[in-house]
Amino acid sequence: MNRKIIHLDLDAFFCAVEEQRSPLLIGKPFAVGGKPQERGVVSSCSYAARAFGIRSAMPMARALRLCPNLIVVTPHYKEYSQASQKVMAKLRIVTDLVEQISIDEAFLDVSGLPMAGETIAHELQEAIINDLGLPCSLGVASNKLVAKIATDVGKTTLGRSGPPNAITVVPPGSEAAFLAPLPTSSLWGIGPKTAERLSKLGIITIGDLASTPETKIKQIFGRLTLEMLVRASGIDNRPIITHHDAKSLSQETTFSRDISEEAKLKNTLRELSASIGRKLRESNLRAQTIKLKIRWSDFTTITRQTTISQPTDQEQMIYEVSLSLLDKCWDYRRPVRLIGLGVSGLSSQIIQLSLWEVNSKARSLQQALDDLRGKYGVKIVHRGSALDE
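Numbering of the sequence shown is given in our numbering, commencing with residue 1 and proceeding in unit increments.
Since the hints were made in silico from the structure, they are not lab data.
C-beta: ideal position from N, C-alpha, C; glycine also.
In silico lysine-lysine, DSS-like type, Cα no more than 25 angstroms apart, as pairs:
1. LYS264 - LYS328
2. LYS200 - LYS218
3. LYS247 - LYS279
4. LYS264 - LYS279
5. LYS293 - LYS266
6. LYS90 - LYS78
7. LYS216 - LYS193
8. LYS279 - LYS266
Have a look at the derived ranges for each label pair, beta carbon to beta carbon:
9. GLU126 - ILE235: 30 to 38 angstroms
10. PRO59 - SER283: 26 to 34 angstroms
11. SER81 - PRO171: 29 to 37 angstroms
Make the full structure from the sequences, and use the hints.
Rendered as structure tokens:
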């Protein structure tokens with residue numbers, strides 16, 4: 001039996017939600033993201049803004065140069081999350097085999113349903129547009145790889161003056177023929193630099209890649225060579241994964257001006273530690289590796305990490321470890337543009353009883369802080385040790 005896989009991508013999702021919040025934005029060039037004076041970047045932009053050459057991940061200051069009348073909208077992540085949950089609920093009415101891969105993307109395996117994949121895609125699109133007011137594009141194919149690329153092709157073909165609302169179907173058996181004329185950069189695992197290296201070998205399209213001897217491209221892909229050739233032929237046997245275990249958590253801050261003040265950096269680290277600690281506790285997880293990221297004013301970026309003996313979800317422990325990492329790599333003279341903090345080695349490991357007893361007061365204090373912040377906001381209360389910062 002041929003598999004029936006659908007890939008769904010919400011069109012300019014953040015912008016669509018913002019248009020629901022403020023209908024006056026409809027048809028206007030606007031971008032969702034950070035403030036230009038604070039080195040913000042574009043998270044999403046309306047189709048009217050895209051006509052000026054504005055794209056996601058572009059610095060907001062550059063976006064404003066391209067379109068001086070651009071409206072900059074502060075993100076409302078809570079509303080985006082709520083809208084995403086409503087979309088995923090719609091998908092799970094159709095099948096339990098739903099793999100959410102981001103806030104605005106998901107795969108569905110509808111192989112067990114009697115209707116054609118294209119029919120299901122049209123019904124899903126109609127329900128999401130009519131019931132939730134969110135435009136979306138879908139790709140239908142026999143596997144995840146081709147379904148995702150089908151969505152991308154549909155969005156590129158139709159999404160020039162407004163939401164594409166595209167549905168692109170690749171019939172079983174035509175996967176290789178569908179991929180063949182597309183540029184190699186359309187294939188997962190091939191970025192601009194790799195595509196440039198391939199072009200120097202005369203490999204321009206996915207079809208070119210599929211017909212290339214393995215020995216010719218081994219210098220580029222190494223141990224992944226055979227896998228890339230299989231992908232280029234449109235073959236992908238990966239199943240739908242309905243649950244993903246988190247491997248890491250991270251958060252970072254880009255300063256509006258380069259920072260040399262020790263107190264400012266320490267305070268930022270404390271805020272990042274508090275945020276990550278809260279996420280760990282909400283997910284019932286603990287982390288054993290803590291990683292610090294620093295970007296200097298010349299855009300040079302370094303990372304330092306350490307693994308602690310006992311997994312933790314306590315913000316104070318995360319902060320103290322991150323502070324020791326900062327002390328080891330910052331010379332107190334180089335201005336800092338960005339600072340980030342991440343944790344990995346996540347598990348739901350139970351703390352040993354002896355350690356729990358030793359830290360019972362600390363955990364009680366942390367619980368009290370969580371309760372207050374949950375009720376009144378994250379800035380309502382701080383530890384006394386933060387006052388000097």
